[in-house]
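Protein chains in written order, with this note's numbering: chain A, 1 to 299; chain B, 1 to 418.
Among the hints, a few may not be true.
Computed list of lysine to aspartate or glutamate pairs in DMTMM-like fashion (alpha-carbon distance at most 20 Å, straight line) [claimed, not checked]: (1) 53(A) - 281(B); (2) 84(B) - 189(A); (3) 53(A) - 355(B); (4) 84(B) - 271(A); (5) 32(B) - 271(A); (6) 6(B) - 127(A); (7) 197(A) - 352(B).
Calculated directly from the structure, the hints in this document are not laboratory data. Fair warning: this is a prediction, and the values are worked out from it, not measured in the lab.
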Amino acid sequence: MNNLLIPNPKEAESIHIIREVAAQFERPVLLFSGGKDSITLVRLAQKAFYPAKIPFPLLHVDTGHNFPETIEFRDRLVEELGLELIVRNVQDAIDQGKVREERGRYSSRNSLQTTTLLDAIEEFKFDACIGGARRDEEKARAKERVFSVRDDFGQWDEKNQRPELFDMLNGKIHNGQNVRCFPISNWTELDVWEYIKTENIEIPSIYFAHEREVFLRDGLIWTANEHVFREDHEEVMVKMVRFRTVGDMTCTAAVLSEAVSLDDVVGEIRDSSISERGARIDDKRSEAAMETRKKVGYF
Amino acid sequence: MSENRKLIKIATAGSVDDGKSTLIGRLLYDTKSLTTDKIEAIERSSKQRGYDYLDFSLATDGLVAEREQGITIDVAHIYFNTAKTNFIVADTPGHVEYTRNMVTGASTSQVAIILIDARKGVIEQTYRHFFIANLLRISHVVVAVNKMDLVDYDEEVFLKIKADFDVLVAKSDFSEDQINFIPVSALKGENIARKSSEMPWYVGNTLLDHLEVLETKDLEESTVARFPVQYVIRPKTEAWHDFRGFSGMLYGGNLKVGDEVTLLPSLNTSKIKSIHYFDQEIQEAAPGSSIAVTLEDEVDLSRGDMLVKSSAVPRSEKQITATICQVNSKALTVGKKYILQHGVNRVMAKVDQIESRIHTDFSGGEDAHSLKLNDIGRVHFRLNKPIHFDTYKSNKSNGSFILIDEAEYDTVSVGFIE
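Next comes chain A alone, as it looks inside the complex (with noise of 0.2 Å):
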């Protein structure tokens, strides 16, 4: 038995959050891209209930566009865990007309999530998503709160946010209406990747070095692969690489390295001088780009 326990602050307030989501909503569930956050998340929530199962389910919004490794560990940590796993397919949402499929060179079906996400949270009737997103990922979400109010819309109003003082969560809300949660909001990427170390916690291989067929475009890294428009003179090559943020493969750019290790990575990052966000294509398009698609109800 261990003599005293000295907390570790962040993981202590991201616990307190988590069961205020389940003591304050009905039918709250875990927004799951089987990037580290959301299983970083995973695990703040066994921690938060043990020794009883985690009382949500956990929700994959699939692009179609994911990484094999990336879907693989997911069915597996759903299994080990005994988790319940709702999958909803942006494809399904492009069959019945709802959204258009992008085309072209900056193709990609990131954008698309939002209309699946928010028919499933229709179709569950969920009043609470719990999310990985982190303030330090990006200045529009440095002023997100921990508890978010969206309407019908799943819209964000960020002039009319709900002051959060001390830590006392307010989740009140109307018919309709439902909160985003963010446990991990005072996180940094660094203390993501400290704590998988600690923790010890398996994640996809994808974010270790890897050989991968690659081409380059503005600087960056991408998938050659058959989701990933290319243009002809976009030379294919074989680089080693990892990836920092994993989403779905048109949006996310690889950054080459050696880390093959958590303590290689753990050190990469100490060293980093680009951000985690630098390396996604989305947030590229325009400065302004996250807070564009936060009003519109992306996560």
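With chain A's structure known, arrange chain B on it following the hints.
Below, chain B without anything else, positioned relative to chain A:
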């Protein structure tokens, strides 16, 4: 995670154009927390606007509306670290009408940095910012006298501001050792991370060095243990058939196995049987821990109830007096009912009497019939059920509450119990 680094939470306060965003941008830049792509973005934006210097304020001013107006309009959270310390900065705006945001940012902070423009000296807004730091019992205040480059790094200017500020300190609850004055130029980086050669007359630490030598234990309050029950864990599995764990965050003091505890509101007593942190059983937990505890006896205890050591039981009352800060445009008026959230517990509250509106310049108060957005006042409430509280002066977490509008569910006020 960051086992070897301490965590320090800072709120910044300053008036428009005091250079607050520049100061934070400078801290990020000097601690190498800005990545190449962010620096490039700042260089690009600065150039587009025709500046011949790097506009670090662009590192923190996030929303599109703000970029257009060139001011910060909400609380933004910024993160940086040094080898020894993790910092969280709540960047709060300096507009007169945005008192609520400073209260919000300060409520989660241990340290306040109050910026003063060296050319303007102590102004009305400085009073307000310091008043709020005092009201919220911030542990430590740094007065950063900025734009020293624009007053020729003149020591006389700095000393005059310090003397003016000391008049405020005398009116506050702060002791002198809780307050530090540092002359800086955020734009030029003088006394931020680098000791200024322009101000040899200043012998103290740079801002960053000063923040680094603050000790967490001096910044956190240590009182008595308060354990509000957040969520009851009942696995109902074969292995854990009878397990009933009361989970929550522990505040104020340690709790250990065998402690005699009193349960509120029932006033039943029991003993701590076990303390759980994930799959580990521990003997004792320090404040700030998110844990689950089991008790020796079968007792009735649910969300919103509180578990305390029998040796130090809080007050339980249905009538309370509190200092209120109104954080919503809907006014607080006599007779109005609210949902009062005290920690994780909710009761109904009715405004019995508004005693006064308090001037935020330490000059006392006046009669008032309502409290409008950004007003601070002394209010008497009647509750439908007792809450189990300490005064805010003796215990921050168990002495504060929020008021939630009955119809709209917005958070409309924050209260500090007397």
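Results for each hint:
Restraint check for residue 53(A) and residue 281(B): the C-alpha separation of about 18 Å stays at or below 20 Å, so the hint holds. For the given pair, residue 84(B) sits about 17 Å from residue 189(A) by alpha-carbon distance, which is consistent with the 20 Å threshold. A threshold of 20 Å between alpha carbons decides the hint, and for residue 53(A) with residue 355(B) the separation of about 50 Å lies outside it, so the pair is violated. The suggested pairing of residue 84(B) with residue 271(A) holds, with an alpha-carbon distance near 16 Å, which does not exceed 20 Å.
Using a Cα cut-off of 20 Å, the hinted pair residue 32(B) and residue 271(A) holds, with the two alpha carbons roughly 10 Å apart. Under the criterion of a C-alpha separation no larger than 20 Å, the hint pairing residue 6(B) with residue 127(A) is inconsistent with the structure, at around 36 Å. For a cut-off of 20 Å, the pair hint linking residue 197(A) to residue 352(B) is broken: about 54 Å separates their Cα positions.
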